[in-house]
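Student: Whole structure, please, built from the sequences with the hints as guidance.
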Amino acid sequence: MNLKSIFASLAGAAALAISFAAFAPTAAHAQIEVDIDKGAVKPLPVAIPAFSGGGRGAEISQVISGNLERSGLFQPLNVANVADKLNDVNVQPRFPDWQATGAQALINGQVTVGADGVLRVDFRLWDTFSQQQLLGLQFTSTAENWRRVAHKISDAVYERLTGEKGYFDTRVVFVAESGGKLARVKKLAIMDQDGANPQYLTDGSYIVMTPRFSSTSQEITYMALRPTGSSIYLTNLETARTETIGKFPGMVFAPRFSPDGSKVAFSVEKGGNSDIYVMDLRSRQSTRITTDPAIDTSPSFSPDGSKIVFNSDRGGQAQIYVMNVDGSGVRRISYGGGRYTTPVWSPRGDFIAFTKQTGGQFHIGVMKPDGGDERLLTTSYLDEGPTWAPNGRVLMFSRESSNGNSRLWSVDITGRIQRPAAYTGAASDPAWSPLLD
Amino acid sequence: MNRRDDKTNFSPALVGSIGLHVLVVAAILIGPWKPSKPVIIGESVPVTIVTEGPTNVRPAIEAAEDQTAQTEEPTPEADPQPPAPVPAPVPTPAPAPPKTAPAPTPTPKPTPKPPTKPAKPEPDFFASLEKTLAKTPKATGKPVANAPKGPTRPETATQARPGAGAMTGLQAAAINGMKDEIQRRWNPNCEVEGGAAVQVKVSFKLATGGRIVGQVTAGEAERSGDPVVKAAADRAIRAVYQSAPFEGLPPDYYGQQLNLNFKARDACAAR
Numbered sequence: 069m070n071l072k073s074i075f076a077s078l079a080g081a082a083a084l085a086i087s088f089a090a091f092a093p094t095a096a097h098a099q100i101e102v103d104i105d106k107g108a109v110k111p112l113p114v115a116i117p118a119f120s121g122g123g124r125g126a127e128i129s130q131v132i133s134g135n136l137e138r139s140g141l142f143q144p145l146n147v148a149n150v151a152d153k154l155n156d157v158n159v160q161p162r163f164p165d166w167q168a169t170g171a172q173a174l175i176n177g178q179v180t181v182g183a184d185g186v187l188r189v190d191f192r193l194w195d196t197f198s199q200q201q202l203l204g205l206q207f208t209s210t211a212e213n214w215r216r217v218a219h220k221i222s223d224a225v226y227e228r229l230t231g232e233k234g235y236f237d238t239r240v241v242f243v244a245e246s247g248g249k250l251a252r253v254k255k256l257a258i259m260d261q262d263g264a265n266p267q268y269l270t271d272g273s274y275i276v277m278t279p280r281f282s283s284t285s286q287e288i289t290y291m292a293l294r295p296t297g298s299s300i301y302l303t304n305l306e307t308a309r310t311e312t313i314g315k316f317p318g319m320v321f322a323p324r325f326s327p328d329g330s331k332v333a334f335s336v337e338k339g340g341n342s343d344i345y346v347m348d349l350r351s352r353q354s355t356r357i358t359t360d361p362a363i364d365t366s367p368s369f370s371p372d373g374s375k376i377v378f379n380s381d382r383g384g385q386a387q388i389y390v391m392n393v394d395g396s397g398v399r400r401i402s403y404g405g406g407r408y409t410t411p412v413w414s415p416r417g418d419f420i421a422f423t424k425q426t427g428g429q430f431h432i433g434v435m436k437p438d439g440g441d442e443r444l445l446t447t448s449y450l451d452e453g454p455t456w457a458p459n460g461r462v463l464m465f466s467r468e469s470s471n472g473n474s475r476l477w478s479v480d481i482t483g484r485i486q487r488p489a490a491y492t493g494a495a496s497d498p499a500w501s502p503l504l505d
Numbered sequence: 389m390n391r392r393d394d395k396t397n398f399s400p401a402l403v404g405s406i407g408l409h410v411l412v413v414a415a416i417l418i419g420p421w422k423p424s425k426p427v428i429i430g431e432s433v434p435v436t437i438v439t440e441g442p443t444n445v446r447p448a449i450e451a452a453e454d455q456t457a458q459t460e461e462p463t464p465e466a467d468p469q470p471p472a473p474v475p476a477p478v479p480t481p482a483p484a485p486p487k488t489a490p491a492p493t494p495t496p497k498p499t500p501k502p503p504t505k506p507a508k509p510e511p512d513f514f515a516s517l518e519k520t521l522a523k524t525p526k527a528t529g530k531p532v533a534n535a536p537k538g539p540t541r542p543e544t545a546t547q548a549r550p551g552a553g554a555m556t557g558l559q560a561a562a563i564n565g566m567k568d569e570i571q572r573r574w575n576p577n578c579e580v581e582g583g584a585a586v587q588v589k590v591s592f593k594l595a596t597g598g599r600i601v602g603q604v605t606a607g608e609a610e611r612s613g614d615p616v617v618k619a620a621a622d623r624a625i626r627a628v629y630q631s632a633p634f635e636g637l638p639p640d641y642y643g644q645q646l647n648l649n650f651k652a653r654d655a656c657a658a659r
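Protein chains in written order, with the working numbering: chain F, 69 to 505; chain Y, 389 to 659.
Here are the simulated lysine-lysine pairs, DSSO-like style, with alpha carbons at most 27 Å apart: (1) F:Lys110 / Y:Lys589; (2) F:Lys233 / Y:Lys589; (3) F:Lys106 / Y:Lys589.
Think of the hints as simulated: they come from the structure by calculation, not from any bench.
Tutor: If you want it as structure tokens, here you go:
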């Protein structure tokens, strides 16, 4: 092959390459599609520096931090050494300072107390990487209500960052226990959901059981057991007005409000047979809605008030049943092995929580209202009595150890986030309030 | 065959070798590696530079508003015996909040902020290409695949989809690098009901060096009335900003729209 033919070959190759280049597709005007199908699932790192405005500002940020951390969905970071001190809530943060901490969100605020004693709290929620303000709210209140302001800020942040309603501005009524096993004193008590402000509502001279919150007001109902018998009380927490719902032949127990607060369902035991009754609180008329000779108890209304879930041993051992509010259309929804008790309908209506005893262990579980998708969230020596947070995504329950000590615990609906409640005393029978007004 | 023939005739192997080298040079000069014209990009908005000022520099998604926390009444201890009604305490109304938030008090701090991530030197793409080509096995008569073998291949072939033409091995590797960076930072909302069912498509463009140009957007998801979808959009957008700049992408990716499909269902299932 001579040079001429070589150059001819090369020229041909170059022309071929040029023609390919002219027609070959390039990415210059393309849209590139990429699937992101893995992630780093972990609590969201958040920066919650002390709000400006002195000691109260630091206390408010601590309450917010505690709420978010206990939810299990957030990881408050130690940001004491961040250079940006955020002295003015109306000035944008220096984002690089906060990005360097790894925080994906920043909550800063400012507390002022006016000459009239009015507490004003401004806060901002920032996305540290997109550098956008996600929330900016201002609360005013009386100075002694600073914890509630912190809870309301926590709720707003929780909802904005997760999409779920918050549940921090709530309270829990429960049975505080003290004394030995043979002389156990059980007092009705109430606290903020974070364990703050615990107060006794009864003096322990009689046993209280199964307190339940109304879902529409700051009213509770509970069973009181005295040597003379049992009674069901209604107590308005704002007015402290307490009354009984009347006398019944036999023992009354397990009261629970209807969703609109106009009725109370409860059980009456007489001669070894327990049945469910519903009382209209305005007329005080009671209606017996189950008549089966078995034990029917633990009624709980669906959020629309049309159905009641309860447990019954009419099938041989305790299982969960659903019926219409007038007692018609009874159908069993649990079919697993073991005993199912204390069913509670979620305020969102999508799940029923329950206690399950099987294999020598107790569990808190959830299932769909048709009995499907049963999931056991906890396992221990003795877990029982679940109660829903108002967002329908977190449950509180009591856990008793083999030595007889009972504590309050919480678990989220996935079962992954399980931890002791903030109240560290011996306690049982928790009932979660609706969001405060 | 005489000496003259030896000087003027070339073996076919030598001719083939020269031809291949010429093709490589032609590919470098006129091939798809280099855009035929400068990529026009919009005004650069580096996310790592912060301009400080009043909070209304950027529009708030929800403007500051007043809200009054309700006064919580103390709960008197209930009477343990047949309880007698207790008169309700006189409620203490919370003071009326001011109509509007106070005027912002800007505290300008003119000092420019350093970028969040230290600027990395622009990668020398052509040097990288030449290095890669140098590693290419010599012609053996068998075709050489231009996509890398191994686990990334099917992934890029099916998931990273340039709109025109097949993706080269280098492009696929660069896209995978970007994908890894984002996946390390994306925190999907798995623990929230419905969070795993949300799929968000995030779009953005890159400037030279991999900086984000303009805004990262998630379309309707950003404005969704469903707070779970809205939160998912925020999380996807945040992961992109946190992962930028995206270095090492072929230059012809700059100025183009990149669409990332954040699939929470897959990510949550893979926990």
